[in-house]
Structures are given as C-alpha cells and as structure tokens.
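Sequence lines, in order, name chains A and B. If you count by this note's numbering, then the first sequence holds residues 1 to 133, one letter each, in order. If you count by this note's numbering, then the second sequence holds residues 134 to 240, one letter each, in order.
Rather than coming from a laboratory, the hints here were simulated on the basis of the structure. There could be a bad hint or two in this list.
Only part of the chain A face toward chain B is listed, based on derived beta-carbon distances under 10 angstroms [claimed, not checked]:
id, residue
1, Glu12
2, Gly22
3, Leu45
4, Arg90
5, Ile127
Residues of chain A placed beyond 10 angstroms of chain B at every Cβ, according to the derived structure [unchecked claim]:
id, residue
6, Gly20
7, Val21
8, Ala27
9, Leu41
10, Leu54
11, Trp89
12, Arg94
13, Ala95
14, Gly99
15, Leu102
16, Pro103
17, Pro109
18, Ala119
19, Leu121
20, Val131
All C-beta atoms, glycine included, are put in the ideal place defined by N, C-alpha and C.
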Amino acid sequence: MSEAAEAPQGEERRPRSVYGVGTEPDARFSLANERTALAWLRTGLALVAGGVALTTLASFGAGNMFLDLVAALACVGGGVLALAALSGWRRRERALRLGEPLPAPRILPALVVAVALFALLMVAYVIVQLVTG
Amino acid sequence: MTTGLDGDPGAQPQRTMLSWHRTVLAVTMGALVASMTAQRLGHPVLSGLAALAAVAGLGGALRRLRYWQPTAASRWSVLRQAATAVVALAVIGAALAVANILDTLNP
C-alpha cells in the first residue's frame, strides 16, 4: 500500500471544474460527499437489479409485455440515478470548496415520483390480474 | 494537507473505503445476476458481455481503489468508472427487457 499511495500525487486533480475553484475543505466533509454519491449509485443499482429481476419474472409463462416495459423503465431510471450521482457529487464538492450552502438533491423529487408511480403501476397490475383472473 | 483527519474519531477514510467496497460488490453481483438472467432468457452474447463486464469492472475498480486516498487525484476517475459500470448494467438490463418484448411480439 505504501508505494501505491505515492503514485497519483504528481497528477492534476480532476475534474478541473471542481478542483479549480475555492479552497480545500475539511476532508471529512469531502469524504461524506463521496459516500453520498456512492449511496446514490447503489440506489440506482437497486433499481437496475429490480428491473432485471422483473424481466426474469416476466419470462415465466408466455411472456408479459407490461412487466417487461416496467422493467426497462426501472433499468433506465437506475442509469439516470448513476449519472445524477456523479453530477450531484460535483455540485456538492464545488459548494464545499466555495464555502456555499450545500445544494438540495435535484434528483430526489424525481426519484420519489418514480417510485410512487412504480408502486401504483404494480398495484394496478395486480388488481387487473385479480379481476381478469 | 489533509485537515480534519488528525485524531479523527469517526474513522472517515475507513467508512468511505467500506462504502466503496459495498458499491463494487453490489455492481459485481448485479452484473452476475444480469448475466444469469440473460443466459436463462437465451441471450448468450448479452450474458457473456455482462459476465466479462463484471470481472473487468471488479478487477479494475479494486486496482484503482489501491490508489484511493482522501486527497488522491484518482478519486474522481474511480467514481466515474463506478457510475459508468452502473449505466452499462442499466443498458444491459433495458436491452434484456426490450429483447423480451420483441420475443413476445414475434414468437
């Protein structure tokens, strides 16, 4: 580990849009920001995993286009969350370096709406299945 | 200099590293699940791609995390790599679902 730790010191820190502004913040805040980004990544991953599981479920029997559609949407949503994790990290790190108030998570309202919509769709699907039997 | 970490009782670097390991593990598991699903659904090419991505991503991420430090230059690149892996997995998952829909339409 010791020789590995020295390797990247010569490089310029990227992205420049973050490290080119402000002053070095307390490392704890920066690390907390990184963990936040990782938690968002795992949230996106959970959506993708749910989508893949739903695809498996849909493949039992004669195929189910509705479930496949929901699965594809969940996967796309997971990918969007992964990108949002990156952009959110960048915005928060910039705010930390500039001493500004932390920005509110932009993707959170969208995630809440999407999960609620997903739940409603699945409830509607179950009811339709029960009624048409 | 790294301010805030001298005598830090919160073990912040360790917590962050554990968070990284959780994420890398989750991405690898996700890729393997996608691979198995693709295999089950009869898309061996997608399955192989997902499995290869899982192995390559795991190796690459672990190698890069060796250089991880609170002030290292590689922090952004490894974060971007992890996000890219999740996006790739999302594309594979969506492709599986779309392939399933097409199979249902043209049996």
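Consistency of the hints with the structure:
The beta carbon of glutamate 12(A) comes within 7 angstroms of a beta carbon in chain B, closer than 10 angstroms, and the hint placing it at the interface holds. Because the beta carbon of glycine 22(A) sits about 14 angstroms from the nearest beta carbon in chain B, more than 10 angstroms, this interface hint is broken. Interface restraint check for leucine 45(A): the shortest CB-CB distance to chain B comes to about 5 angstroms, inside 10 angstroms, so the restraint holds. Because the closest C-beta pair between arginine 90(A) and chain B is about 9 angstroms apart, less than 10 angstroms, the hint holds.
Interface hint status for isoleucine 127(A): violated, as the beta-carbon distance to the closest one in chain B is roughly 22 angstroms, over 10 angstroms. Its beta-carbon lying about 13 angstroms from the closest one in chain B, glycine 20(A) satisfies the requirement of being farther than 10 angstroms from that chain. The claim that valine 21(A) is not at the interface with chain B holds, since no C-beta of that chain comes within 10 angstroms of its own (minimum 14 angstroms). Consistency note on alanine 27(A): stated as away from chain B, yet its beta-carbon is not over 10 angstroms from all of that chain's, at 5 angstroms minimum.
Leucine 41(A), annotated as away from the interface, has a beta carbon of chain B within 10 angstroms; the closest lies near 6 angstroms. Listed as a non-interface residue, leucine 54(A) fails to keep its Cβ farther than 10 angstroms from every Cβ of chain B; the least gap is roughly 8 angstroms. In this structure tryptophan 89(A) is not separated from chain B by more than 10 angstroms, as the shortest Cβ-Cβ distance comes to only about 7 angstroms. Listed as a non-interface residue, arginine 94(A) keeps its Cβ farther than 10 angstroms from every Cβ of chain B; the least gap is roughly 12 angstroms.
The beta carbon of alanine 95(A) sits about 16 angstroms from the closest Cβ of chain B, which is more than 10 angstroms, so the claim that it is off the interface holds. No beta-carbon of chain B is positioned within 10 angstroms of the beta-carbon of glycine 99(A); the least distance is around 14 angstroms. Distance to chain B confirms leucine 102(A) as a non-interface residue, since its nearest Cβ pair spans about 17 angstroms, more than 10 angstroms. For proline 103(A), the requirement that its beta carbon stay farther than 10 angstroms from each beta carbon of chain B is met, with the minimum near 18 angstroms.
No Cβ of chain B approaches the Cβ of proline 109(A) within 10 angstroms, the least distance being about 20 angstroms, so the stated non-interface status holds. Residue-level check passed: alanine 119(A) sits 19 angstroms from the nearest beta carbon of chain B, beyond 10 angstroms. The Cβ of leucine 121(A) sits about 14 angstroms from the closest Cβ of chain B, beyond the 10 angstroms cut-off, so the non-interface label holds. Against the 10 angstroms criterion, valine 131(A) stays outside the reach of chain B, whose nearest CB is about 22 angstroms from its own CB.
The structure is inconsistent with the numbered hints 2, 5, 8, 9, 10 and 11, although it conforms to all the rest.
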